[in-house]
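Sequence order for the protein chains is A and B.
Quick note: the first sequence uses our numbering, first residue 4, plus one each step.
Quick note: the second sequence uses our numbering, first residue 722, plus one each step.
Among the clues, some could well be false.
Stated by the list, open to error - A few chain B positions that, by computed beta-carbon distances, are all more than 12 Å from chain A:
#1 N746
#2 I747
#3 P754
#4 G792
#5 K799
#6 G802
As the list claims (entries may be wrong) - Rough simulated footprint, nothing fancy, chain A against chain B, three-plus residues with beta-carbon under 8 Å:
#7 757-766
#8 780-786
Calculated from the structure, these hints are not laboratory results.
From the three backbone atoms N, C-alpha and C, an ideal C-beta is built for every residue, glycine too.
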Amino acid sequence: MRPTSNKTLSSIISSQPIRGISDYFSINRKIERAIINNEILYDKSINIAILSSFTINGIKETLRVQCGEFGVLTNFYVGGYNQYAQEILEPQSGLYKFNPVLVIIFIDTRAITGDSFFLPYELSNDERQDWIEDKVNEIVSLAKVVSERSLAKVILHNFEVPAYSPLGLIESKQEIGFIESIEIINQNIREQFKRNNQVFIFDYNAFCSYVGKQNVIDYKMYYLADVRVNPQYIPHLCKAYTGYIRAIASLTKKCIVLDLDNILWGGVVGEDGIEGIALGPTPDGRPFLEFQKYLLSFFYRGVILAINSKNNPADVIEVLREHPYMLLRERHFAAMRINWDDKVANMKSLAKEINIGLDSLVFIDDEQVNREIMREFLPEVTVVDMPKDPALYARTLMELDIFHSINITEEDKHKGSMYEDDKKRRDLLQSTNDLTEYLRQLDITVLIEEANTRTIPRISQLTQKTNQFNMTTRRYTEQEITQFVNSNNCRVVSVQVSDKFGNNGLTGLAIIEKMDKRIWRIDTFLLSCRIIGRKVEDTLLAYIVDEAKKEGAELLHGEFIISKKNKPADDFYSKSGFTKIHHCGELEVWEYDLMNNYPFPDFIEVIIK
Amino acid sequence: MIKQYNENIKKLLAILSKILDIDENIITDETSPRNTETWDSFNALMIVSELENTFNIHFTMDEVTAVTCVGDIKEALKRHGIDMDSNKE
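Just chain A, same shape as in the assembly:
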């Protein structure tokens, strides 16, 4: 699901400013026309189905434009008016024929309460108890049916908790109150899907609170056409959905690159000194203190932090080490550029040092001119429009929905500290001159494991994201990986790498097809850039050679497809004793005679699970 490289999409979107929902409508039409006229070329688009209990117009138009903003094309299937149950329960329904990647189930409170919305106390407590159970079962089973019949991710809305009760002040004195009953339903459906990797609860109640429950419904629209979301809030709702879509398309951002003066603290350290900057429990210092708290929470969830600042390094290091209220310390930053060079050059060298693409970077700077220059020269970098008032910094960060991951893998949880470990590794490398000696000192352990339901999301994520050490750059969805795993003539093998500085998690894999008794074909072979150069690739290849021999194969075929980014992988097969036997277009086939042995590197401990 690579974003389209075609410029047409972005030029259509930037052709008019977006002020209201009518702009989404007209831009959407331009996109639709361009698609019909074949003016937009793309590899893949994302199929999104919307099922709702009421008139849901406006979402597909808005969402198509918002997804286009980050280069993703979308197709929509909108279920019939209040037809959600039939769509889900009928195996041959349009929903399943559409083959969605994402299904949004939006059933609203009025739909499940019916007349009880106004006359909830017609039910006795016992009846209300039964009603709660019925509704939870109904909603949970609908979402489960979708997840069983398709491989789509499901966004299941929870229910808006009414702000009104016919009993007024004594609502909270009821054994099971009306408002309470909706809260219980919300709790129960959330509980049901906590361990489900496919169904995600969308906290629509929180969304309504955020935009305002009195605003979210426009009664006139509701009575005239059963519209239950005020059209003016459709863009906000869609924005929330884009967080999921970015995650599904593996377009989430990985790293926040921060300016320092008037971003992490108030004032200019070079002029005001460490005592003069605003940071701490004072009115002018708290916005920066809390902004740092949010950044720290991003660090802990796996977002990488880096610095790009025009300053004297000594001034900054003093603040990082000595300032009593500085929450972010040197160890939180995977890399730092504190100098008087231009920020664009710094940005490029940061990306290189951290070893991630420019399109994974988010730039935060208080000066508009710096932001404009970054946009101009490095359009791949996401530039955040920071508000003038530092009081709004934390909120701006909270509202960014570009870091979401739909599969919080173990690797994601530990990412922040993994990059910290990496910095220690680089320091060791600088102090050790001999590479083999360095690798030996790392005490590397490689755990090799066949793919399973726990690792499939991460495996798919790696095929989507890995560009450099990737022999064929074939992108696979979770669905496709699952098919390989279930197939008798395929093997999907992953490696997890750890060393004395920490655990890198699942960072390499191979997909092998047994062509026949004699020949095994390596369809995919990749390593995350973080572990390139530690002989992990040799370990994985040695394992494949061993396994192929065990099953009596005679030849191993490794495929290589050149891409713009996989230079680090291009001599791997030739270095490893393979011979090129075939070259057709971009595809090279390399052969290894399994009469030969392929040794495991002696300094790596290998565990086969």
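Based on the hints, put chain B in the right spot on chain A.
Leaving out everything else, chain B in the frame of chain A:
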């Protein structure tokens, strides 16, 4: 005579053009659901929503259902104090 549209009329025409997918230049007071294919009941509500948002006003349900053409919209806007005179500098 060159028509000098005022800002409010420009805003109205922009909204109609974007939602109904028609050129601003062909919109007249007589433009209506009968002669405009894209003016369906849903787009009618979108027009209402965008007008309310743009001019910071609220129509009643009766006002919405009474509209039969662009001329009616202008009249409704005028009743809410929005200046709709065209030939103004």
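Hint check results:
Against the 12 Å criterion, N746(B) stays outside the reach of chain A, whose nearest CB is about 16 Å from its own CB. With a cut of 12 Å on Cβ distances, I747(B) stays outside the contact zone with chain A, its closest approach being about 16 Å. Remark: the non-interface label on P754(B) is consistent with the geometry, its nearest Cβ contact in chain A lying 14 Å away (cut-off 12 Å). Residue placement check: G792(B) keeps its beta carbon more than 12 Å from all beta carbons of chain A (closest about 20 Å).
Against the 12 Å criterion, K799(B) stays outside the reach of chain A, whose nearest CB is about 20 Å from its own CB. Every C-beta of chain A lies more than 12 Å from that of G802(B), the closest at about 19 Å, which supports listing it as non-interface. Evaluation of the coverage hint for the stretch 757-766 of chain B: fulfilled, as 3 residues show C-beta separations to chain A shorter than 8 Å, against a requirement of three. Residue count for the stretch 780-786 of chain B with a Cβ under 8 Å from a Cβ of chain A: 5. That meets the three needed, and the coverage hint holds.
Going down the numbered hints, you'll see the structure goes against none, and every one checks out.
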